[in-house]
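Kindly produce the complete structure, drawing on both the sequences and the hints.
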Amino acid sequence: MADTIAIEARDGAVPIAGRTPWQITKARIQRDKITMVALGAAIFFLILAALAPVLDVLGLIDPTSLNSNLVGGLGSLPIGPFGGVSPQHWMGVEPGTGRDIFSRVIAGLTVSLTVATLAVLLSVVLGTVIGIISGTAGGRVDWFFSRITDFVLSFPQTLMLIALSTIVIDILQVTLNTDRTIPSMVFMILVMGFFGWPYFARIIRGQVLSLKEREFVEAAQSLGANRRRIYFTELLPHLWAPILVYTTLIMPQNIATEAALGFLGVGIQAPTPSFGSILNDSVNYARADPAYFVFPGATLFLVVLSFNLLGDGLRDALDPKADRQ
Amino acid sequence: MFYYILRRLLSVVVMLFLITATTFVMFFAAPLDPAHYTCGKNCTPTILEGNRKALGFDQPVYVQYGKFVAGLFVGRDFPDNEQLRKDFPDQVVHCPAPCLGYSTTQHRPINSMVAEAWPISLSIAIGAFTIWMIIGVGGGIIAALNKGKWQDRTIVGAALVGFSLPTFFVGLTLLYFVAIQWGLVPIPNYVPFLENPWRWAQNLILPWITLALFFAASYVRLTRAYMIETMSEDYIRTARAKGATNRTVVFRHGLRAAMTPIVTAAGLDLGGLLGGAIITESVFSLHGLGYLAVHSVTNMDLPTIVAMVMIVSAFIVIANMLVDITYGLIDPRVTVG
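Read top to bottom, the protein sequences are chains A and B.
Going by the working numbering, the first sequence opens with residue 1, and the numbers climb by one from there.
Going by the working numbering, the second sequence opens with residue 1, and the numbers climb by one from there.
Keep in mind that a hint or two might mislead.
Said to hold, decoys possible - Taking lysine-lysine pairs in the DSS-like style, the calculated list, with each CA pair at most 27 Å apart, reads: (1) LYS149/B - LYS33/A; (2) LYS147/B - LYS26/A; (3) LYS67/B - LYS53/B; (4) LYS26/A - LYS149/B; (5) LYS147/B - LYS242/B; (6) LYS86/B - LYS53/B; (7) LYS33/A - LYS147/B; (8) LYS67/B - LYS86/B.
No lab work stands behind these hints, which were simulated from the structure alone.
Next comes the structure, spelled out in structure tokens:
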């Protein structure tokens, strides 16, 4: 972004450098240390999640090998303090199987973040398209979409996720003819994505309602632009700020929802590692081996916290009402 | 005002019909056999057909939905088959209006199951609500009045941590350390309020804290944001200038104006929670509405699933309506209609 507008200096006055919204936002984020740390952490987790399959192939993490020599005694509990923490096993080993928890958490990060990201994307696409159409069209179309939004928001989301899981995963499994891994991931993406779009649609609609009165829309209309051009070429570029902020804020919610449902035994289940499936398994050992629960739980907390902090920071940075310096 | 309320009531009824109809179609038209789940290990075709008839699963979906709706208004009798009722008059169960249906796993009307579970969910919701409103709104006010100072930073930081901690993680940690390891409170086991209020509170304190921590966090942020906005208004300066005490300025002038969004959020959250706190109830094994819902799903008790979805959405939709109506009462600038 080098399109700085310099106003020519006259009579020896200091030239004023105009700043684009991007530059203002960037400067604000760079001044906000906490948001910078959160941004770094979020990027780190995303890269780690993307690289986990590579790390697995390279042998740097090993989420599958059984280490029966590291567990023993009544109930095959990990040998050693804090659930068998050692230089080789940073978060200890699983009770029963002796698999490395650190490796499983990283492999689980891949699954959890993939599901959360794709679900957010689905919500964003549905919500933005419906919000733009609803906001620009007005009248009956707007009424219709607003009622659908209310309708979806009135459904108890967690309950529907739980209730639909068995049926939908079964159907997907039969249709795709695979094990439960892919169907359960697809289910989580579809349902979380579906219940997420009304939030986007409401915000986008509100923005569009004020945007469509602006001159550039009228100008485009008078030049004969068709609806699609007005929706996506004229309006969409003005909506990136709310889309970006709410994407970052819904992302941690999706990660937490997947984990919470996994804890209830719904959605992604063992042997596929994800925050949900790991925590669901660890609950069985909550009393005998609390470390198995604490390490993945703490990692989950850090991931959710970093995205929440980032979303908060972005919202403050993109808020036109915030103090400008 | 009267017509406004009437119109809102009508839309609540329409919404509930749509939600139950959708849920009904989703579950009863899905390619699975609801009768199959009623018939245990020793299932024979005769028992299967008998159950199917007794529960009315042999009829088309729209007939079943019609009977469900009729049951809500006038009640209904089970078994759902006239011939069976005639043949076994001693086994007929009457389910008075509003009849929610007949559970296929517990073999009794769903109303009695809900009647047992509801006080537990109500107790959890009320206690948690009280705690989070005090901590959340109080914390938000303190943070707003000290904007930018260390009090503000600490409260906002704590709120973000509370907001990011998964409910089940907090619940299980509290259960493990406070109840099991240190034995400070008993392991939660519901005691009715009227039986022993002290034991009631003692048993529910951990679920309350678990839920309140999550909700308080968002109320801190909400209250802080709106308090900062109102406290910078001109009329606050006027109030100070005319010599009003600090307390009057903060509560009578500031909080009053910031109240509307807080009441909205509080109404909606409480409404959602009255339908059962699924995660919290599961963590602490409290058999409230949330637990009942999860239990009905794991056992594929379709009539109970539909009833639970209806109850929970009813709470959400009604809370929504009440919040809209209350607007006019708390904010004199709003005229409804």
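Going through the hints against the structure:
Of the supplied pair hints, the one linking LYS149/B and LYS33/A holds, its CA atoms being roughly 17 Å apart against a limit of 27 Å. At roughly 24 Å between alpha-carbon atoms, LYS147/B and LYS26/A fall within 27 Å of each other, so this suggested pair holds. With a C-alpha separation of about 14 Å, the suggested pairing of LYS67/B with LYS53/B holds against the 27 Å cut-off. Using a Cα cut-off of 27 Å, the hinted pair LYS26/A and LYS149/B holds, with the two alpha carbons roughly 25 Å apart.
Between the alpha carbons of LYS147/B and LYS242/B the distance comes to roughly 24 Å, so the proposed pair stays at or under 27 Å and holds. As the CA atoms of LYS86/B and LYS53/B are separated by approximately 13 Å, the hinted pair is consistent with the 27 Å bound. A hinted pair counts as satisfied when its Cα atoms are at most 27 Å apart, and LYS33/A with LYS147/B qualifies at roughly 18 Å. For a cut-off of 27 Å, the pair hint linking LYS67/B to LYS86/B stands: about 19 Å separates their Cα positions.
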